[in-house]
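K.L.:
Sequence:
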Amino acid sequence: MNKKAVVIGHGMVGHRFVQVLRERDATDQWQVTVLGEETDAAYDRVALSSYIDSWNRDTLALTGNDYADDPMVTLHLGDRVVGIDRVNQTVTTAAGTVLDYDALVMATGSYPFVPPVPGGDADGCFVYRTMDDLDAIKAAADKSPGSAGVVIGGGLLGLEAANALRLMGLAPHVVELNPRLMHLQVDEGGGALLTRLVTDLGLTVHTSVSTQAIEAAEDGSLSVQLSDGSAIDASVLVFSAGIRPRDELARECGLELAERGGIFTDRGCQTSDLHIYAIGEVAAIEGRCYGLVAPGYTTAEIVADRLLGGDAEFPGADLSTKLKLLGVDVASFGDAHAASDGALEVVFNDATKGTYAKLVVSDDARTLLGGILVGDASSYGTLRPMLGRELPADPASLIAPAGAEIGVGALPDDAQICSCNAVTKGTICGAICDGATDVPALKAATCAGTSCGSCIPMLKQILAAQGVEQSKALCEHFMQSRAELFQVVQVTGIRTFSELIAKHGTGTGCDICKPTVASILASTSSDHILEGEQAALQDTNDHFLANMQKNGTYSVVPRLPGGEVTPEKLIVIGEVAQEFGLYTKITGGQRIDLFGARVEQLPLIWKRLIDAGMESGQAYGKSLRTVKSCVGSTWCRYGVQDSVGMAVELELRYRGLRSPHKLKMGVSGCARECAEARGKDIGVIATENGWNLYVGGNGGATPVHAKLLAGDLDSETLIKYIDRYLMFYIRTADRLQRTAPWQEAIEGGLDHIRAVVCEDSLGIADELEAAMARHVEGYEDEWAAVLADPDKLRRFVSFVNAPDELDSTIAFDESGPRKVPVLLGTPGFRSVTESAT
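Residue numbers (my numbering): 1 to 837.
Check the hints yourself; a few may be wrong.
Straight-line Cα separation of at most 35 angstroms, DSBU-like style, residue types lysine-lysine; simulated pairs [stated by the list, open to error]:
1) 514 <-> 503
2) 662 <-> 138
3) 585 <-> 662
4) 514 <-> 792
5) 569 <-> 550
Restraint-style ranges between C-beta atoms, simulated for each label pair [as the list claims (entries may be wrong)]:
6) 353 <-> 27: 54 to 62 angstroms
7) 309 <-> 122: 47 to 55 angstroms
8) 74 <-> 46: 25 to 33 angstroms
9) 533 <-> 747: 32 to 40 angstroms
10) 46 <-> 773: 41 to 49 angstroms
11) 533 <-> 770: 25 to 33 angstroms
Source of the hints: derived by calculation from the structure; they are not laboratory data. In this text, a Cβ means the ideal position worked out from N, Cα and C, and glycines have one as well.
Just need the whole structure built from these sequences, with the hints factored in.
P.N.:
Right under this line is the structure:
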């Protein structure tokens, strides 16, 4: 008979335990039952903040979390365990279910600590732990957009919560009892820089103060009273003052607890009861709890090994952390605070560039003991694996600009590359020898890079160091990269795909190289994308200058620069939608999308919109989509600059600009960031002295916040820098590469881009500006150009994309009358009303 394992808790660590046990239990010794208190199956709590980008719970779901195809695993959700009977070896749930066990695994995790502050239970006070918590916070934030939100606690989770409030449209304040933010991870110098960086991003930081009381007003607002006598008027308050292990079930059934809480276990994660184990945040291994996912995963693997007859023990935990808080890099590893006897500190603090680096070394300055990186953590991947090892160079040179670097070749095989999943360099190299020749294959073979993802750049470096050539070829027809093809087109003046492939490629092309070359040709001239041979290169959207929807119809998006629209234009949009039976929706980029148009209707719709003074919004192209704006100083009492005026100017300047991928911009009139500019490829935020320019913010599968390129710019300089940045991106980015991964991939990263754009380090600033000037001067509305050209207009006659029925028109050509779906007025055809019978 199968033995029975019951798991209490279905978080990340509980799920990892089930996965590992099932992978290793080749003979199906254990039948597993998982009891989860939440209604959601295991999800990535580390990435909880990314839930805000989509509000889609499925995006956080861990792979295989429902065990649908495994008859040896049963999952119960939304049913809390209320008791454990150690004598009879059973657990009882709130629904009355009683389950017996041979082994019980406690994976109950932790809960947010709420300080005993008077008024802390008022409406509007929340914790930040689950997706349900975020839903509740969002509902409260939506009632008072633009108001203040307070976070109690300035640690990792506190800053994450502050960022969440900012993304929800609130002005976040962080209250921290200690004299600096993230006091456990960074020192005084790193904390000072971190405070300055997050303040520049719109946070208000209060350190060395405590919360004395929370007073609720009749209108639902809160007054947060601080120990320094000040008060913050807010609509939302989030407690993020640390976590405590959820050990109440263990306490009630008489298991031994650690002095500071948590279920006491030995190094095999076994509790004082031989049939009960504890894993994750609730486990106090030899009296100590660990609040990170990496040691939690280790405990899960240890217990899986023990249940299958092994003797694995907890090896100790790597408490290193690397993360991006509001787009700011922060990393801490090893003995970051130099607590070891004789430890020496080597510090490099560059306030102008916003970077702080510290290495802690042994008294002979040869062995790395720890470190702190703020503002730029790019060297974390190679420094952390060197902990406890002799450094290959003088420690100061490893953190100084243009200093020495530790290459992956210097790392021994037992150096841990992926701390989340305890994957060593040797394991990765072994996988490469077994045929894993790219990052996805390495992730599948070793699990490295599948959790937080911070080690992925190291995986690429190891691949290169092992001699695995990473092809830059665009496709099988062009051995050049997109950037190299761009240079070829620019230098040779070639204007057709056929000439380019004849001289610099092979074959006839494919659906990869044709639209890529089409984009390059469009980026280097103002020719219409449906002109001549170029029309055949376009994908479906560009071919019809509209976005194809799943039912074969198209959507039409007129440009509304900066989101500004007149009543007259709104009326016309409504009339068009009504006349053609179109579904309308306000987009996230402050545009009106018209859905359901058939191909033959597109020119008719365009003409109505153009006659009303509108033009193509290029929503179908790899080009500038929108420039979102708040109302700025014109209307808002907080605005310090005219954000609408700037947004309109930027959108009219860069409309129609073809690029490797779509581009989005945002302009906020103050630091409250209502236009969400830091989520855009180009983000402009007003200051008292001008404009801050942020670059490289993208949404999508892996959201990234834009980084500060330059601050307090006048309008002329701002536009000049954007010109240079965009043209440099268009020249050098890979096919379908958005600005965020381009910034990460380009040699030298953002520092190099800043040098090119702001300091003209390559001497090409005039050339980049001239290229943009040619685009601005040559811009022509693509819809209007189609209406004015009979040859282009003939493309918009189609049977293929019609949903059910097509309106027909009796028309005549040289062969006589026939029934066709045709746009009346198309040259070469006469309608029956224009002809004699």
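K.L.:
Compare the structure with the hints numbered earlier in the document and write down the numbers of the violated ones, lowest to highest.
P.N.:
none
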